[in-house]
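Listed below, chain by chain, are the residues.
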Amino acid sequence: MNCDEFETALPAYLASDGTPAERASMETHARECAQCARRLAEERRLDDLIREAVGPAPAHANELRQRIRRDLVLDAKRPAVRPTRWRFSRWLPLAAAIAVGGWLGTSQLVMARDTTLYRAAVADHVRDMTERANDGAWATEPAAIEELARTAIGTNEFAARLRSAGHPVLRARICHLQGTAFAHLVMASDGGPVSMFVRRSGGPLRGPVLEVVNDVQVRGCAMEVFESAGFQTAALTVLVVSDSSRGELLDLVRTTLGHLS
Amino acid sequence: MNREALFPTPVSMLEVTDSEPKTQVFEREAMPHVGSLLRTAARLTRDAALAEDLVQETMLNAWKAFHRFAPGTNCKGWLFRILFNLLSKHRRKLHARPVTVSLDEASDLPTTDADRPAQPVFTQTEILAAIDRLPLEQRSVLILAVVEGFKCREIADLQQIAIGTVMSRLSRARVELRATLGAALRSDASTTSAADRPAKPPFTP
Chain F
1 MNCDEFETAL PAYLASDGTP AERASMETHA RECAQCARRL AEERRLDDLI REAVGPAPAH
61 ANELRQRIRR DLVLDAKRPA VRPTRWRFSR WLPLAAAIAV GGWLGTSQLV MARDTTLYRA
121 AVADHVRDMT ERANDGAWAT EPAAIEELAR TAIGTNEFAA RLRSAGHPVL RARICHLQGT
181 AFAHLVMASD GGPVSMFVRR SGGPLRGPVL EVVNDVQVRG CAMEVFESAG FQTAALTVLV
241 VSDSSRGELL DLVRTTLGHL S
Chain G
1 MNREALFPTP VSMLEVTDSE PKTQVFEREA MPHVGSLLRT AARLTRDAAL AEDLVQETML
61 NAWKAFHRFA PGTNCKGWLF RILFNLLSKH RRKLHARPVT VSLDEASDLP TTDADRPAQP
121 VFTQTEILAA IDRLPLEQRS VLILAVVEGF KCREIADLQQ IAIGTVMSRL SRARVELRAT
181 LGAALRSDAS TTSAADRPAK PPFTP
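Residue numbers (this note's numbering), protein chains in the order written: chain F, 1 to 261; chain G, 1 to 205.
One or more of the hints may lead you astray.
As the list claims (entries may be wrong) - Covered by chain F, per the in silico footprint, the following chain G stretches (three or more residues, Cβ under 8 angstroms):
| hint | stretch |
| --- | --- |
| 1 | 23 to 35 |
| 2 | 52 to 65 |
| 3 | 146 to 154 |
| 4 | 168 to 175 |
FYI, nobody ran anything at the bench for these hints, they're computed from the structure. All C-beta atoms in this analysis are idealised placements derived from N, C-alpha and C, irrespective of residue type, glycine included.
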């Protein structure tokens, strides 16, 4: 290891990251290089200063704990309800009926106003963030993600193209929106987590048209703090949800479309 | 490979939920982290009341979703992830919030290392002000890594960003703080609280 490599690896080393071999390599270099040893000592001193300044947990944390316990007691006394996914499923027949009604009417106006699929996608995105992030049902390894994509949408090329577009998939699972199976892919972005729901192209995608990119209509809508957008290619139907701005979301959609075509 | 093989049911959750009351498991696994959550939320929002509200909401959300949590896994990381999801709703507001200090503290604000080479001693208020002046993204990874002890990969997971982004933000935060506090780092000087500083001699005309 040379001094440049030491400097590059220093933040990860200080955050207790890296393999034992990498850490040993850092320590060996620090023993042999007085300049890097001084850098390491300075960074450790900086960490000490930060920890001393931020200090221990605030003294009123105990009062807050008591308030939280009261909240939990109140919540526990409420009538028992089923977990969200089952409560949500009760509305699926209604959502499906609305979707069928829209199809029977074949009205462009109804099609343009039907946002139930986006609402379902936003609900799944929110549940991912608050409830299911740690439930062990996600594929997180690249090989498992590609296997999932192949199972759900018949090709693993989609995840590979996202990765080459600079949006690697962090994890994936199968979900059902309005009774249809989608691959739910979660990606990182500077604006926060982005959920992408992908299935083989089926019926027409509804919702207000936001813009047209390369002759492909991009539809979508805003719901509370979330933005959603969707489009269809010859092979795939894709929905995208995030809490970034509409401009940022459409940039991502354009990039994705560019890499799909 | 079929879907069941890809997504096995997390049986451990069901076993523990059935054998021990939810309140006991929650008290043991989640409640000890309230202090850490509050400390981080306060540093990131710079608003004690908002921080308390966020932590209270975090714990209530965690309670409602606790049947999804697998005991024995990283509860602290799970709670911080819920907190950061709530924080993201306030993100634009937090970005826009200026650093504010009381008039009493204003004289302690650090400027740059070069402005004060003769006295490489910083009060905790000065160091906190330097941390608070970091952009929110850098401040959050710094607090999570240095104060809360999360690894870069864990921070990437709970903030839903790439690990390279975590490392570059951490690196930029350190560079910025070194520029402000450099003298204290290079010397053997230690921080002193304002009360520990020698009192100024009384003013005599």
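Comparing the hints with the structure gives:
Coverage of a stretch by a chain is defined here by at least three residues with a beta carbon nearer than 8 angstroms to that chain's beta carbons; for the stretch 23 to 35 of chain G and chain F the count is 5, and the condition holds. Residues of the stretch 52 to 65 of chain G lying with their CB closer than 8 angstroms to a CB of chain F number 9, which satisfies the three-residue condition for coverage. With 7 residues having a beta carbon nearer than 8 angstroms to a beta carbon of chain F, the stretch 146 to 154 of chain G meets the requirement of three or more and the stated coverage holds. Chain F is given as covering the stretch 168 to 175 of chain G, and this holds because 3 residues of the stretch bring a CB closer than 8 angstroms to a CB of that chain, at least three being needed.
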